[in-house]
Amino acid sequence: MSKRTMTLNLTEAEMRALEVLSVRKDLSKTAVLRQALRLYQMLDARVEKGDKLVFENDVTRDKAELMLL
Amino acid sequence: MTFETAPRFLRDLETGDVVPADLVYGIGLPHVMDWHTAWQPALGAIKAALHEQGVPKPEWPQTGHWNWAAKVAEAQDIIGFRMFSVTAAGMTQALMRVDLTKPARMEDASGRPLVYVDYLEVAPWNQSFAGTRKKYRGAGPILLTAAVELSIDEGFKGRVGLHSLPQSESFYEKQGMIDFGPDAKVQNLRYYEMTSDGAQALLAQE
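As given, the protein sequences belong to chains A and B, one line each in that order. Residues in the first sequence are numbered from 1 upward in steps of one, following the numbering used here. Residues in the second sequence are numbered from 1 upward in steps of one, following the numbering used here.
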């Protein structure tokens, strides 16, 4: 699959977050960003269809709806 | 739309011959048409034969209700999904859709991404029911290997996960996948995962 290249400008905090995720998920920074885009697009498509995005705590069963902007 | 392809091989179980096949990196209209015009009638004939033989319904094909036209439409333009097909002898022999947004469950990789096999189906004539003989062998392994290769390409270290229909459990176990047991959240289907080591072993067999 052919790929395109782009330059990405991040703040220090954004870069730190990317580095932390890169370590935690055992992925390259590029792979983290590609994964983030996949998730964002998939969630956006579901919300567009009328689905809700809800987090549920396995222990307390508390639920919180996340608004996707 | 034209998809990239890679050469693969199937085994014709009637003649014993090796048959050239293509792994196609997508599912297009021709594949969906094959599913509709060839797979569906073949499946109908198998069900009729099983009914006539008095075979209990749990032993009938468990993918009979899968609608590939709908599955392909749902995945259209969503980059978290990837689709694959296997073709040989001018016919679609197997189809697979995977999801790249699911996390692994294996303890040492928990929460890290894997390639989740949403659906994998081989053509009805490549399955065996109540003593019927398969036409071609190898389409399922080609697709599972494609999932492993994709996982490595994406930096997921070969991790692959899936929920298996009961009829396919032994296949995934033979491929070296770890059984996590029934998943109450997914119709009690057993969840299987391929570790990075399992992935390397699978690729070494190819």
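Read the hints as simulated data drawn from the structure, not as lab findings. Please note that a few of the clues may not be correct.
Taking lysine-lysine pairs in the DSS-like style, the calculated list, with each CA pair at most 30 Å apart, reads [what the hints assert, rightly or not]:
#, chain 1, residue 1, chain 2, residue 2
1, A, K52, B, K134
2, A, K49, B, K185
3, A, K63, B, K102
Simulated restraints on C-beta separations [to be verified]:
#, chain 1, residue 1, chain 2, residue 2, range
4, B, E107, A, M1, 28 to 34 Å
5, A, A13, B, E107, 50 to 56 Å
6, B, Q76, A, L66, 23 to 29 Å
7, B, M33, A, K29, 24 to 30 Å
Note that the structure is predicted; figures quoted are calculated from it, not measured. Glycine included, every Cβ here is placed at the ideal spot set by N, Cα and C.
Comparing the hints with the structure gives:
1. A:K52 with B:K134: violated (44 Å)
2. A:K49 with B:K185: holds (22 Å)
3. A:K63 with B:K102: Measuring from Cα to Cα gives roughly 20 Å; hence the hint holds.
4. B:E107 with A:M1: 28 to 34 Å: holds (32 Å)
5. A:A13 with B:E107: 50 to 56 Å: 31 Å Cβ-Cβ, so the 50 to 56 Å window is violated.
6. B:Q76 with A:L66: 23 to 29 Å: holds (25 Å)
7. B:M33 with A:K29: 24 to 30 Å: Hint violated: Cβ distance 42 Å, outside 24 to 30 Å.
When held up to the earlier numbered hints, the structure conflicts with 1, 5 and 7 and fits the remainder.
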